[in-house]
Structures are given as structure tokens and as C-alpha cells.
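Protein chains in written order, with the numbering used here: chain R, 1 to 153; chain S, 1 to 574.
Wrong hints could be hidden among the right ones.
[Unchecked claim] Calculated pairs, DSSO-like style, for lysine-lysine (alpha carbon to alpha carbon, straight line, at most 27 Å): (1) R:K93 <-> S:K130; (2) R:K51 <-> S:K569; (3) S:K561 <-> S:K264; (4) S:K130 <-> R:K90; (5) S:K183 <-> R:K105; (6) S:K516 <-> S:K542; (7) S:K30 <-> S:K561; (8) S:K475 <-> R:K51; (9) S:K263 <-> S:K170; (10) S:K183 <-> R:K40; (11) S:K405 <-> S:K447; (12) S:K11 <-> S:K30; (13) R:K43 <-> S:K264; (14) S:K475 <-> S:K516; (15) S:K479 <-> R:K40; (16) S:K130 <-> S:K85; (17) R:K40 <-> S:K569; (18) S:K130 <-> R:K94; (19) R:K51 <-> S:K561; (20) R:K43 <-> S:K569; (21) S:K170 <-> R:K51.
Derived by calculation from the structure, the hints in this document are not laboratory data.
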Amino acid sequence: MSNLDKILEKYPFVQRDNLIPILQDIQDEFGYLSEEAIIKVGKYLSLPTAKIFGLASFYHHFRFNITGKYHIKICNGSSCHVNSNMLIIKEIKKRLGIRGEEVTKDGLFSMEETNCIAACGEGPVMAINERYFTHLSIEKVAEIIDSYKSLEE
Amino acid sequence: MFIDIEVNNKKVKANRGETILEALNRNGIKVPTLCRMDGFTPTGACRMCVVEVEGKSGLIPSCSHPILESIKIKTHSPRVTQARKMLVELLLSNHPDDCLYCASNGNCELQDMAVELNIRERRISGEKSKSNIDQSNPAIVREPSKCILCGRCVRVCEEIMDVSTFDFYKRGNNTAIATSMNKDLNFSNCINCGQCILVCPTGALTEKTNFDIVQQMLNNDDAMVVVQYSPDIAIALSDELDIRPGRDINGILNAVLRRIGFKKVFDTSFATDIAIYEQSAELADRIINDENLPMISSCCPAWIKHMEQTHPDMIDLVSTTKSAQQILGTLIKSYYAQMENIAPEKIFSISITPCTAKKFEAQREEMTRKGISDVDAVLTTRELIKLIKLYGIDVNSIQEEMADKPFSTRSSAAKLVSATGGLAEGILRTLNYHLTGKELSNLKITKLRGLKDRKEVQIKIGTQEIGIAAISGLKEANKIIAEVRDGKSNIHFIEIMACPGGCINGGGQPFKNDEKTIKGRSKYIYDLDEKEAINVAHKNSKMITLYNEFLEEPLSEKCIKLLHTNYSKRDVLL
Numbered sequence: 001m002s003n004l005d006k007i008l009e010k011y012p013f014v015q016r017d018n019l020i021p022i023l024q025d026i027q028d029e030f031g032y033l034s035e036e037a038i039i040k041v042g043k044y045l046s047l048p049t050a051k052i053f054g055l056a057s058f059y060h061h062f063r064f065n066i067t068g069k070y071h072i073k074i075c076n077g078s079s080c081h082v083n084s085n086m087l088i089i090k091e092i093k094k095r096l097g098i099r100g101e102e103v104t105k106d107g108l109f110s111m112e113e114t115n116c117i118a119a120c121g122e123g124p125v126m127a128i129n130e131r132y133f134t135h136l137s138i139e140k141v142a143e144i145i146d147s148y149k150s151l152e153e
Numbered sequence: 001m002f003i004d005i006e007v008n009n010k011k012v013k014a015n016r017g018e019t020i021l022e023a024l025n026r027n028g029i030k031v032p033t034l035c036r037m038d039g040f041t042p043t044g045a046c047r048m049c050v051v052e053v054e055g056k057s058g059l060i061p062s063c064s065h066p067i068l069e070s071i072k073i074k075t076h077s078p079r080v081t082q083a084r085k086m087l088v089e090l091l092l093s094n095h096p097d098d099c100l101y102c103a104s105n106g107n108c109e110l111q112d113m114a115v116e117l118n119i120r121e122r123r124i125s126g127e128k129s130k131s132n133i134d135q136s137n138p139a140i141v142r143e144p145s146k147c148i149l150c151g152r153c154v155r156v157c158e159e160i161m162d163v164s165t166f167d168f169y170k171r172g173n174n175t176a177i178a179t180s181m182n183k184d185l186n187f188s189n190c191i192n193c194g195q196c197i198l199v200c201p202t203g204a205l206t207e208k209t210n211f212d213i214v215q216q217m218l219n220n221d222d223a224m225v226v227v228q229y230s231p232d233i234a235i236a237l238s239d240e241l242d243i244r245p246g247r248d249i250n251g252i253l254n255a256v257l258r259r260i261g262f263k264k265v266f267d268t269s270f271a272t273d274i275a276i277y278e279q280s281a282e283l284a285d286r287i288i289n290d291e292n293l294p295m296i297s298s299c300c301p302a303w304i305k306h307m308e309q310t311h312p313d314m315i316d317l318v319s320t321t322k323s324a325q326q327i328l329g330t331l332i333k334s335y336y337a338q339m340e341n342i343a344p345e346k347i348f349s350i351s352i353t354p355c356t357a358k359k360f361e362a363q364r365e366e367m368t369r370k371g372i373s374d375v376d377a378v379l380t381t382r383e384l385i386k387l388i389k390l391y392g393i394d395v396n397s398i399q400e401e402m403a404d405k406p407f408s409t410r411s412s413a414a415k416l417v418s419a420t421g422g423l424a425e426g427i428l429r430t431l432n433y434h435l436t437g438k439e440l441s442n443l444k445i446t447k448l449r450g451l452k453d454r455k456e457v458q459i460k461i462g463t464q465e466i467g468i469a470a471i472s473g474l475k476e477a478n479k480i481i482a483e484v485r486d487g488k489s490n491i492h493f494i495e496i497m498a499c500p501g502g503c504i505n506g507g508g509q510p511f512k513n514d515e516k517t518i519k520g521r522s523k524y525i526y527d528l529d530e531k532e533a534i535n536v537a538h539k540n541s542k543m544i545t546l547y548n549e550f551l552e553e554p555l556s557e558k559c560i561k562l563l564h565t566n567y568s569k570r571d572v573l574l
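All chains should be built: construct the whole structure from the sequences, respecting the hints.
Here you go:
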């Protein structure tokens with residue numbers, strides 16, 4: 001049985017209010033919501049995929065693309081924003097050679113801008129695979145990314 | 001249960017339980033709206049309908065606020081009109097500035113609103129929305145930058161069609177309308193019915209036009225350009241072109257089409273009679289052998305696509321008869337081409353229909369023979385009106401003419417097919433003939449008439465009780481299919497039309513689809529059925545000749561080859 005089936009098995013009652021918990025479980029398991037997964041959930045709950053996609057796209061939490069080995073979440077909440085996080089984002093993009101929220105060619109890094117991650121006093125903030133980095137500056141972020149890159153060499 | 005309310009310092013009566021907007025409209029006060037649709041619960045998305053209510057600090061959206069005892073309303077106070085004006089100015093601030101080149105120019109509610117509110121200068125200028133135009137679908141074109149997010153397409157597709165091709169995508173400033181996984185329309189489960197085009201207030205959803213190719217072919221001397229027109233377009237046309245009541249619209253249409261330059265003008269209703277004749281023969285066969293029942297109608301291409309993708313287990317139950325447009329298309333390029341000694345590839349065959357899904361149907365692979373399409377281009381009623389205007393034809397001074405032989409006669413049953421329940425009625429009449437050799441004692445089957453989305457009737461034919469259902473709107477279709485799966489057995493034939501009300505309310509009809517207009521269109525058809533002498537398909541004289549000379553008899557080998565088709569499971573993103 002595939003992991004997807006195992007997740008659906010946890011929700012034996014076919015109710016539409018299970019949709020968000022199911023999607024959360026899928027993202028925890030696979031890192032993103034694939035087309036295949038959305039189709040399967042749609043069949044299971046008798047929901048059109050457009051509706052599932054519409055709902056999931058409403059929440060910033062859900063992703064539809066595979067992430068890199070190191071997934072960078074950079075906070076774009078108001079506090080980080082006024083603390084010049086755009087400069088940090090620019091630096092990350094430059095360092096990784098990506099244009100937006102995408103995965104680097106080697107599949108190592110991906111970046112996404114998130115809503116407030118509740119560390120406003122420490123901003124600008126980012127997290128790489130749930131490890132948090134605070135009080136970022138251009139130099140600091142460059143250093144962090146380089147250190148992750150060197151891990152792979 | 002009237003209660004007194006005060007509107008603009010005047011006392012008026014309102015019903016308990018209705019919304020402010022309904023009370024205002026009933027009292028002849030027009031309040032602009034952009035997201036409201038007849039028969040749908042209000043969403044209050046566009047805020048155009050705001051009014052001032054005494055005692056409330058903010059403006060109140062009248063579409064979704066109930067009438068209260070002795071409420072005092074101002075509908076056009078300076079504050080209200082200012083707010084509405086501001087809303088439209090904001091909508092225009094990022095709207096593409098290409099009205100003159102827009103497909104919806106002249107049919108745009110946003111444009112009308114800007115005129116009504118006297119917006120004469122650009123006070124707010126924002127960054128213009130840009131988007132790719134989605135031309136992938138053969139019937140419907142999407143231009144998301146023109147979308148004002150009213151949500152009408154989302155609701156029609158979900159609540160009437162139960163298809164849900166569209167939904168809101170992302171949120172806040174980034175909100176857009178998108179298909180599943182944000183793909184192009186041809187990958188989606190869109191059934192091409194075009195109901196979203198009818199409700200779209202701007203040019204964000206339009207039909208894919210075949211206008212240019214038709215014009216080009218009309219000027220091509222080598223091509224034999226023939227046209228067929230569907231029975232459903234005539235009545236809509238008379239509204240739109242102000243044809244004087246009482247004149248024979250079909251006659252005028254024949255003359256107009258010849259004036260435009262079509263070499264031959266055929267009446268699709270002729271083929272509708274064939275479709276009824278074939279389908280009822282098929283139904284009679286299935287009833288006698290008691291197999292593949294209930295038979296489900298096949299003439300609505302939107303329903304057929306829906307069936308192939310959502311209910312592929314029903315394929316065996318669906319009639320194999322092609323739709324009238326495709327039957328005539330086939331006959332033009334076989335029988336007619338042979339008769340006139342023209343090579344089929346020299347014929348450019350155009351069909352005018354009230355339907356956007358027919359554009360999709362015409363390019364289905366099953367609808368070609370030896371690489372030649374049976375129908376080369378499909379125009380909607382709206383495109384025809386443009387064509388008539390382009391050629392500057394005054395419809396009121398033109399003399400009526402006959403359609404061209406050999407496809408010129410029809411029964412009134414062929415006309416009935418335009419309204420929901422009409423096909424079922426026509427088939428019952430001919431089925432009775434197939435099974436008993438006699439005519440029904442009462443041809444008019446009132447239980448199948450009217451705009452209700454589901455109608456059912458039981459009729460005795462010979463010794464057998466025959467059950468017939470007529471469905472319009474795919475939501476009801478899904479319900480009855482579920483019943484069939486569960487073993488519903490008192491029904492022998494199900495007519496399914498995707499558009500609510502049938503083809504008279506098709507996605508290619510003029511942008512006037514309120515209930516009154518649709519009722520008017522159906523009344524015209526029912527009146528014809530009363531007035532005319534030939535009311536059953538199997539008495540269409542030219543059709544009988546055609547069967548005698550060429551097709552032999554219904555379901556003959558030749559008929560199966562030419563007039564019947566097959567369906568296959570379709571893999572789309574449901």
C-alpha cells in the first residue's frame with residue numbers, strides 16, 4: 001500500500017471537513033501536494049480537484065511543487081518587511097541563482113516567502129528545514145547559504 | 001405579508017423575508033450589480049448594490065440584507081453613488097485599456113457601469129493586470145487580466161453544471177480564477193457549454209471565434225461554402241435584430257445567409273428529424289430486446305463530454321446517433337456531394353448554432369471521415385449577428401426565401417428540440433409510430449414542457465408503460481445517473497441537455513438570458529407546434545425521400561456508418 005493510501009486510511013469517514021487535515025498529512029509526508037495526490041483525495045472525498053486546488057492555494061502553508069533538500073522559508077510578515085527582508089530575499093535569489101519561489105537546478109535549495117512566523121523581535125528571520133536564523137543581514141545570509149553549500153561538497 | 005419601508009423618502013411596500021434589492025427591483029428602482037445572478041443566493045462580492053440605511057454607519061449591500069420593519073433606505077444618495085463610482089474606478093484602475101479591441105465591446109457590464117456612473121476621467125491609475133490569453137480550448141477563450149473576480153463563472157459551473165472547472169485561486173491581492181492545478185482549459189474538465197460566457201460581466205470569458213475563417217472562405221471562389229443553421233437561433237435572432245413580430249424568421253434567415261454569400265443554405269432541423277427518427281428506432285430496438293435501458297440522449301455535446309469523463313460506465317446506455325449538426329454535416333459531404341458531383345474536400349461546411357460546445361464537437365476525431373471534417377466551422381448566434389451587421393443587411397426589408405433542397409423541410413417536432421423536454425416529446429411521438437405503427441392520440445405532452453430542470457412522464461404505448469425523463473443542467477443529470485446506477489428501472493429514455501432550459505438558453509446565444517426571455521423563446525416554439533401541420537419527425541416528406549433513395553431504413557448499415565458514432569473514456573483532470 002502506498003503512503004498516500006495509508007494517510008487516507010486514517011480518515012475512514014468520508015467527510016469533507018477532513019480535507020485540510022488530509023492535505024496537511026500529505027504535505028508532511030511528501031513535502032508538497034502533487035497532482036496525483038490531489039486527484040486521489042478528490043476521488044476519496046468526491047470533490048472536484050479545482051475546489052481542492054482552490055482551497056489549498058488559499059493557504060500559504062500548502063505547496064504544489066517539490067522542495068529542495070534545504071527548504072528556505074523567509075518571513076515576509078510586516079515586521080520583517082520593514083526590517084528590509086527584501087534585501088535578504090534578493091541576496092538569497094542571487095546566491096542560489098533562482099528567480100522566484102523555485103528549486104535550484106541541483107535540487108538542493110528551494111525558497112519560499114511565508115507569512116509572519118512569530119519572531120518579530122528577532123527579524124528579519126528565516127528558517128532552513130525548521131532551523132531558525134534571526135537578525136539576518138546580507139553578509140549573514142550569504143554565510144549561512146555558503147555553509148549549507150559546503151556541507152554538500 | 002406586506003411591510004412598510006421607506007425608500008428615498010417615499011413609502012413603499014415590501015415582502016417579509018425578501019432582500020432589500022428584491023424589494024427595490026419590484027418597486028421599479030434599479031440598483032447596479034456585478035456579481036448577482038437570477039436564482040442564485042447572493043454573495044455580496046462586488047458591493048455595487050450598496051445602499052444607505054438610516055441608523056447604520058456603513059453602507060449596506062442590498063443584495064444580501066433582509067428587509068426589516070420600517071427600514072429607511074437611500075438608494076442614490078451622494079454617498080452611495082460616490083461609493084459605487086469609486087468601486088468602478090478601482091476596478092478599472094488595473095483593467096486592460098483595450099475596450100475598442102475587446103471581444104465584449106458593447107456587451108460588457110463593466111463598460112455599461114462606467115457609462116452609467118459617468119466616469120469620464122482616470123483618477124486612480126494602478127499597474128495594469130497582464131496575463132496570457134488561454135486559447136487552448138476549441139470553444140472558450142479565457143483572458144484572466146479582464147476578470148473582476150465577481151465569481152459568477154465559478155458559481156454557474158458549480159451550482160448548475162456540477163462540473164466545477166473554475167475556482168478562486170490564492171487570496172487577497174493575488175486572487176485569480178483558475179482551473180485545477182492552474183492548467184490551460186483544454187486539460188481541464190470544462191465541457192464547453194458556455195454558460196460562463198453568458199454570465200461573465202466582462203471580456204474575461206468569450207467564445208473562440210471562427211469569424212475570420214468564415215469570411216476568408218466566403219471570399220474564396222474555389223470553395224463551395226454551405227451553411228446550416230440550427231432551429232434554436234431564429235427566435236433569439238428576432239429579438240436581437242428587431243424583426244417585426246409575425247414574420248417568418250426562418251425565411252428571412254435563408255435570404256440573409258444567401259445575401260452574405262453562402263452558396264447553399266440548409267436547415268439543421270431537417271437533420272433533427274433524422275436524429276429523432278434514428279434515436280427512436282434505436283430506443284424501440286432496445287425496448288423490444290430489453291437491453292441497455294434507459295437509453296440516454298446524445299445530441300448535447302457538452303453532456304457527451306461530461307459523460308465520457310465523469311460517467312464512462314454509462315457509455316453503453318447513450319444513444320449512438322450523432323447530433324443533428326453532425327448528421328447534416330455528414331450528409332452534405334456524402335449524399336449531397338455525390339448528388340451534385342462535388343468532391344467533399346471542396347465543400348466548406350459551416351454550422352450556425354446557439355452552442356459553444358458544438359465548436360468542440362465539430363473537431364472531434366469521430367466526426368471526421370478520411371481526414372475530412374464533417375463540419376468545418378461553427379458559428380454561434382452571437383457571431384451570426386455580427387456577420388449580419390458586418391454585411392449591412394437590413395432584415396426588415398428583405399423578402400423571405402426557402403432553404404435549399406434537399407435539406408429544406410422539417411416537422412415541428414424538430415423545432416421543439418430547442419427547449420428542454422422537446423427531444424423527449426419528439427422521440428415519444430415517433431417511438432409510438434415505430435412500436436405500434438400508429439400515431440399518439442394526443443401529441444402534446446405537457447408534462448415534458450416548461451423550464452423545470454427535471455421532468456418525468458409515464459406514457460402507455462401499446463400495452464407497455466414507457467417512462468421518459470427530461471433533464472436540463474448537469475447537476476440534475478448527475479443525480480439521475482446516480483439513480484440509474486442504483487437500479488432505477490421505470491425509465492426508458494432520458495433526455496439530457498446541459499444548458500438550463502435547453503438550447504434556447506445555449507452558451508452561444510445573445511447576452512440576454514433572463515427567465516422572461518427564455519420563456520418567450522420556448523413559447524414561440526410551442527406556438528409553432530400548435531400551428532403547423534406536420535408535428536412528427538417520421539412524416540417529414542424530404543426525409544422520407546432521403547431514406548428511400550439513400551439511407552434505406554433507420555439503423556441500416558449505411559445509417560450506422562454515416563449517422564452513428566461512438567464514445568470513449570476521456571482522461572481529464574476532474
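Compare the distance between the alpha carbons of K183 (chain S) and K40 (chain R) with 27 Å, and conclude whether the hinted pair is satisfied.
This hinted pair holds, its Cα atoms lying about 18 Å apart.
Quickly compare the C-alpha distance for K263 (chain S) and K170 (chain S) to 27 Å and report which way the hint goes.
violated, 52 Å
Pairwise hint evaluation, K130 (chain S) against K93 (chain R), where the allowed Cα distance is 27 Å at most:
With Cα atoms ~24 Å apart, K93 (chain R) and K130 (chain S) stay inside 27 Å; holds.
If you draw a straight line from the CA of K30 (chain S) to the CA of K561 (chain S), is it 27 Å or shorter?
At roughly 56 Å apart (the allowed maximum being 27 Å), K561 (chain S) and K30 (chain S) break the hint.
Checking one constraint from the list: CA of K43 (chain R) to CA of K569 (chain S), max 27 Å. Satisfied?
holds, 17 Å
Quick one, are K516 (chain S) and K542 (chain S) close enough, alpha carbons at most 27 Å?
violated, 36 Å
Given the hinted pair K183 (chain S) and K105 (chain R), is their Cα-Cα distance within 27 Å?
OK: K183 (chain S) and K105 (chain R) at ~23 Å, within 27 Å.
Given hint K447 (chain S) paired with K405 (chain S) - CA-CA distance at most 27 Å
violated, 35 Å
27 Å Cα cutoff - pair K170 (chain S), K51 (chain R)
With Cα atoms ~12 Å apart, K170 (chain S) and K51 (chain R) stay inside 27 Å; holds.
Keeping to a limit of 27 Å between CA atoms, is the pair of K130 (chain S) and K94 (chain R) held or broken?
With a Cα-Cα distance of about 26 Å, the restraint between K130 (chain S) and K94 (chain R) holds, given a limit of 27 Å.
Starting from K475 (chain S), check that the Cα of K516 (chain S) is at most 27 Å away, please.
OK: K475 (chain S) and K516 (chain S) at ~22 Å, within 27 Å.
Pair hint outcome, K561 (chain S) versus K264 (chain S) [Cα-Cα no greater than 27 Å]:
Cα-Cα ~25 Å, so holds.
Consistency note: the structure conflicts with the earlier hints numbered 6, 7, 9, 11, 13 and 19.
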